[in-house]
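*Asks:* Since the structure of chain A is provided, determine the placement of chain B on it from the hints.
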Amino acid sequence: EGSDGKYHVGSSSMKAPAKPIAGNNYGHHCKPECFRSRHDDLKEMLDSNKDSLKLEAMKRIVAMMARGKNASDLFPAVVKNVACKNIEVKKLVYVYLVRYAEEQQDLALLSISTFQRGLKDPNQLIRASALRVLSSIRVTIIIPIMMLAIKDAASDMSPYVRKTAAHAIPKLYSLDPEQKEPLIEVIEKLLADKTTLVAGSVVMAFEGVCPERIDLIHKNYRKLCNLLIDVEEWGQVVIINMLTRYARTQFLNPNANEVLLEEGEEKEFYGSDEEEGKEEKVEKKKPYVMDPDHRLLLRNTKPLLQSRNAAVVMAVAQLYFHLAPKAEVGVTAKALVRLLRSHSEVQFVVLQNVATMSIKRKGMFETYLKSFYIRSTDPTQIKVLKLEVLTNLATETSISIILREFQTYIKSMDKDFVAATIQAIGRCATNIGEVRDTCLNGLVQLLSNRDELVVAESVVVIKKLLQMQPEQHSDIIKHMAKLIENIQVPMARASILWLIGEYCEHVPKIAPDVLRKMAKSFTSEEDIVKLQILNLAAKLYLTNSKQTKLLTQYVLNLAKYDQNYDIRDRARFIRQLIVPTDKGGALSKYAKKLFLALKPAPILESPFKDRDHFQLGSLSHLLNVKAGGYQELPDWPETAPDPSVRNVEVMDKRKEKKKVEKPFYSDSEDESRLTESADSDSNTGSGSESSSATEESDSGSKSEDSGGESESEQQEKPNRKADKSRVKPWDVSNWEDFNNNNEEEKIQPDWINCKHTYTHLASKGSKINSFSCRINSMANGLELLKLFWHSRVLFVCILPCSAQTISPTFSSLKTYELLHRLTGEGLAVGYCFGRQPFVRDPHMVTVQIQFTNHMDTEARNLRVREPRLQSGMRIKEFPEIEVLPPGETVTTVMGIDFCDSTQAANFQLCTHTRKFCVSIQPPVGELMAPVFMLENEFKKEQGQLMGMNEIKETLVLGEACQSDYAIVQRVTAAANVGQVPCGSDQEFAGKTMTSNSLVLVTVITKRDRTAQLTVNCEKMVIGTMLVKDILHALSQ
Amino acid sequence: MIHSLFLVNSSGDIFLEKHWKSVVSRSVCDYFFEAQERASEPENVPPVIPTPHHYLISVLRHRIYFVAVIQSEVPPLFVIEFLHRVVDTFQDYFGVCTEAAIKDNVVVVYELLEEMLDNGFPLATESNILKELIKPPTILRTVVNTITGSTNVGEQLPTGQLSVVPWRRTGVKYTNNEAYFDVVEEIDAIIDKSGSTITAEIQGVIDACVKLSGMPDLTLSFMNPRLLDDVSFHPCVRFKRWEAERILSFIPPDGNFRLLSYHVSSQNLVAIPVYVKHNITFREGSSQGRFELTLGPKQTMGKAVESVLVSSQLPRGVLNVNLNPSQGTYTFDPVTKLLSWDVGKINPQKLPSLKGSMSLQAGASKPDENPTINIQFKIQQMAISGLKVNRLDMYGEKYKPFKGIKYMTKAGKFQVRT
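Residue numbers (my numbering), protein chains in the order written: chain A, 1 to 1036; chain B, 1037 to 1454.
By construction, these hints were calculated from the structure, which means they are not laboratory data.
Treat each hint with caution, since some may be false.
As the list claims (entries may be wrong) - Once the Cα atoms are required to be at most 35 Å apart in a straight line, the calculated DSBU-like pairs of lysine-lysine come out as:
id : chain 1 : residue 1 : chain 2 : residue 2
1  : A       : Lys609    : A       : Lys1028
2  : B       : Lys1171   : A       : Lys151
3  : B       : Lys1139   : A       : Lys50
Claimed, not checked - FRET-style restraints, in silico, Cβ to Cβ:
id : chain 1 : residue 1 : chain 2 : residue 2 : range
4  : B       : Glu1281   : A       : Lys223    : 24 to 34 Å
5  : A       : Glu526    : B       : Asp1124   : 45 to 55 Å
6  : B       : Glu1281   : A       : Gly947    : 54 to 64 Å
7  : A       : Gln921    : B       : Gly1231   : 33 to 43 Å
8  : A       : Asp610    : B       : Gly1231   : 42 to 52 Å
9  : A       : Arg450    : B       : Thr1330   : 28 to 38 Å
10 : A       : Ile87     : B       : Asp1124   : 18 to 28 Å
11 : A       : Gln488    : B       : Gly1231   : 33 to 43 Å
12 : A       : Val883    : B       : Glu1281   : 50 to 60 Å
13 : B       : Asp1266   : A       : Pro981    : 54 to 64 Å
14 : A       : Lys189    : B       : Arg1277   : 28 to 38 Å
15 : A       : Lys223    : B       : Glu1073   : 46 to 56 Å
The beta-carbon is built from N, C-alpha and C at its ideal position, and this holds for glycine as well.
The following block holds chain A by itself, in its conformation from the complex (with noise of 0.2 Å):
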């Protein structure tokens, strides 16, 4: 309204710096026609000369801005400033041009070519703003000239402009969809920048304009994840965000094979493309194997778990979340439990993470109960969040303190609240079968609270509840008949009477008195008691029709005439359905069956469960509804695309990984081997047998880094040879010999010397500290160790005295990964369960820990700190480790009691830069030690342990294990127990660590292939997963 016609400038002048002197001319001439418009006094300050008063009018404009109001009208007045020399005048006009630019477009052309020539300055920052400001104004025509400013920003020199290009990059996307493939030349150029600043921007338009072009992001992958920790900390989320979809359509589920992954095979290095034919084989056996892109993204997002940015910590969580393996997603819990601390917008939004994420890992959140409890001054949706997140962690050994913390919510005055705790106590009862009597009486209490939503409440839950077992409970339904006098919520009558028809055998004598009462009173009630009522009449007509045909007529024929259609409708249903009519109804006679099925108790889910399909963090998982432009969170793929597509250059760097990252201890073929090969003896031995040996020779000694496949055969018998010499003080090279010995006839002769050099070693003062240490004093330790470990040997030890813990019979040791030398940045850590006896404790587990150092400097003070236990549970540590020389290995021993529990130990193992938190699970079978027993004993004994305390299993023993030679070393191999020796069957004995309770294990062999396992123990737990474990053993 406010133009006048003079301002009309057409496209054609472009040259708007002109124009001032005329709107001044303007301004002094024809003053009095203008009182029309509204802003004249400002048009008139924005025309003055001076600066002051333009900034005066700016100012003034700004504000009505501010406020909502409409300013255009000041368009043709504004624009004109646009190249003003004063800076705030500047800023302002912009500010002004980006929000009217749409609605006057003509007019704004004028200021464009303000901005082609900032484009061209030679300070950097200039040409930034006037491409921000540019690429702002939501201008059709001017697309074209946007488009070349952003391909010039973008090979700018400086990274500040080409920040401002990728910024720009959406904003002429939005304006004009059709430029897409253009802008995504355009950010495939700038993903390529190597700069920080450039990082955040570039894929946010990535986000913004091609999320799907995921090829874009091979190239850049790695340096996106060793650059973002630099990363300003918006840019960090939203790179994080889209790797963690990247990594979903790139790598492997670590947690697809847990099983496999439990015994922390690190097998194979990728790469196998090209070379090496032998790596081929190994990828047919599939083990799981985390790509190093994989494991490098997990790395350098973890310490951004100690941002700032509660958005960053939640970008770090959501990625452990979906990418990590499971036993690493805990590390989040505690930046996250962090958050709670942060407004209450924050832990809103972090606790329906939380709430998602503690119903698929419990265990991550279990040490942290106590951050959920809930305090009175809590804003209601904060309390309803915690309550769910503690339902989720209850377990049974926590839901005794949860249900204390649940009495006390109770008594809250915040009611939506104590409704809401009472949901939750009907979950936790539904959930945990051992408190649902409790949380039941509990709950018949609140009947009698004075809050009557609290008794609403309770009566639904109880409904619900008592739906699981109503034959017991008939003293509750009697109770809640009673209620319905004084409950007055729609919601809790409803419940009340659907209890009392479907139980009315229960009480057959209230039943028809209630129906009488709810009769006389149907036509003042909600819609849905009436419902109720009605099914009720229709369930007693059925199961009582003496006492209340009469009563069921009268009720039917009120709801005939209801005013709502529903219950009309259910009126006429009914009759037709159980009235028996001369027309016959078909259904009439199925009317008991329809009426008064057993029905499926209902299910209390968490309205979380199953939320982890949206990516956690996203605006799409707290509203469980797909926002618009959430990009779907693609599954695992089954085999893992190409890797190499992310190599950037030809690295030289990989061949030297390669030499670094041989496979720690192969030995999940180890069992196979044995009976494949029963005959094995080392000169031979299986192609995967020795270049796995040399490939272990090589990580521990640098002397052999060639590793050629074709000279592992060579090299290998050598190797031993010179061991055989070193280890001639213990006289172990017996083990060796044994190790060649045929082993179909394992048994007899040697065995004297086995045990001989076997207990020679471990009562011979040096005990077993500091025989590792010495292992590891010789430059060739490891072999020994292979040697100890890969001895197929029987160390059966006859001992005089009965029932005693003997060495253990057969070790073919299993070695699990401590610490991965990703995680460990260079430190890699083994162990395995030695099954000696720790000679300074005799309830500890041995366990030897192996370290390798793959860093390029020494670790030194190798050590354990911090052990963190469950109750009972207690370390003896290893002594520190000084110095551990780059390329070394040095092995150790600690002990553990477990507490005869599979619990895993913690700690932390520090070097002396970092220290880094692991754990230590031990299989049930290690918790045992073997005892010696003569068949009749062990008989007795087992006598003494039935009932309760046997477990027996009918197994089809494995494609491997027919002889019963295999069956002795499965078992042994499963559980560390010693054989009876000459039973008629196949016997084992063992004791429980710490309290010594007797193990034992029979394997009756029977025709086709079956078998009989029978587990002995008084510790019924140990004895079930026992079973488990054994049956598994042999069944493969």
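*Replies:* Then chain B, alone, in the frame of chain A:
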């Protein structure tokens, strides 16, 4: 990402709007007002509200709702964190963040918002950079500006954005070079009826006020860094160095900033510095209730417990109270039923107590809820976790700075259940 921002005051008026992309009509806020009406308390308005075409993400601070309008998927925390950063910036600039302050400085607010977001994506959020771009208003500057017509907007171009330490402005010069660090710890605790601790943990922060010329490189070390269980840093802290040596090494931003926040492991026993003896009873059938409260110091390591403030939300049935404080003053709001007692300092020789009766609604049955008691207090010159700064060193500059460190312990969310 962020399309528009609306500021809404407690009476439901939109008093400021800013758009970064096409204009979104302010009628979108109607959905927000609806949600506000549904919520019983102001803080119960859901932070994320979906509407047919947009999503509203809001934060409530200083009784102002900051409502951001979003059009498509974005991590909600991203927006929430940004909005809080906006509030922090306003507070930093204007001293307070109230409706009046924002209205008075609407131009600066607009300039700030313009710099903080570009096309809805955060651009410059570091206070040092912003201050280089836009000078905070001071009384002196306002006077000078009106006389000379000069401006708030920095004359120089903001080079800070380009530097490798983007959080520090360049060319800092002081005549007195000083660095102050405040170690402030808050105890969060829930104490049960019988006085035993249900949960207690310590959250601490180190706030710094660094006024040092040039580009100082500081290192701060602790006597007992192992206490710190979980830490989060200002971006200036070198993470690697902390990981390796447990030393905070950083080039500080200029002025006030939060260097570190930390959490002291809940495994460590937390000293609880005060205890409460309480006896709050209602008798069935009587319209009177008893109220007795006594506070006392406990595990304070000889330091005085100061600025004690007790507050409690009494049950709805309580009409009024008639209490007698042994020290300090108390107030009771019969509408909100909030009782608060300003105790002041606890004198261990003469324990402060508040005793008397409550009158209940006649005829109503006795309330079955128990009020919780919230306590605030301060203890000067002590960090309750025992954390101690060992030394502060400066490298990279020649002058000798003045260094100061202060410890304080406060109650965080400290609740006693009755």
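*Asks:* Please go over all the hints and tell whether each is borne out by the structure.
*Replies:* Tested hints:
| no. | hint | result |
| --- | --- | --- |
| 1 | Lys609(A) x Lys1028(A) | 30 Å, holds |
| 2 | Lys1171(B) x Lys151(A) | 34 Å, holds |
| 3 | Lys1139(B) x Lys50(A) | 26 Å, holds |
| 4 | Glu1281(B) x Lys223(A): 24 to 34 Å | 28 Å, holds |
| 5 | Glu526(A) x Asp1124(B): 45 to 55 Å | 50 Å, holds |
| 6 | Glu1281(B) x Gly947(A): 54 to 64 Å | 60 Å, holds |
| 7 | Gln921(A) x Gly1231(B): 33 to 43 Å | 39 Å, holds |
| 8 | Asp610(A) x Gly1231(B): 42 to 52 Å | 43 Å, holds |
| 9 | Arg450(A) x Thr1330(B): 28 to 38 Å | 30 Å, holds |
| 10 | Ile87(A) x Asp1124(B): 18 to 28 Å | 25 Å, holds |
| 11 | Gln488(A) x Gly1231(B): 33 to 43 Å | 40 Å, holds |
| 12 | Val883(A) x Glu1281(B): 50 to 60 Å | 19 Å, violated |
| 13 | Asp1266(B) x Pro981(A): 54 to 64 Å | 56 Å, holds |
| 14 | Lys189(A) x Arg1277(B): 28 to 38 Å | 35 Å, holds |
| 15 | Lys223(A) x Glu1073(B): 46 to 56 Å | 51 Å, holds |
In this structure, only the earlier hint numbered 12 is contradicted, and the remaining ones agree with it.
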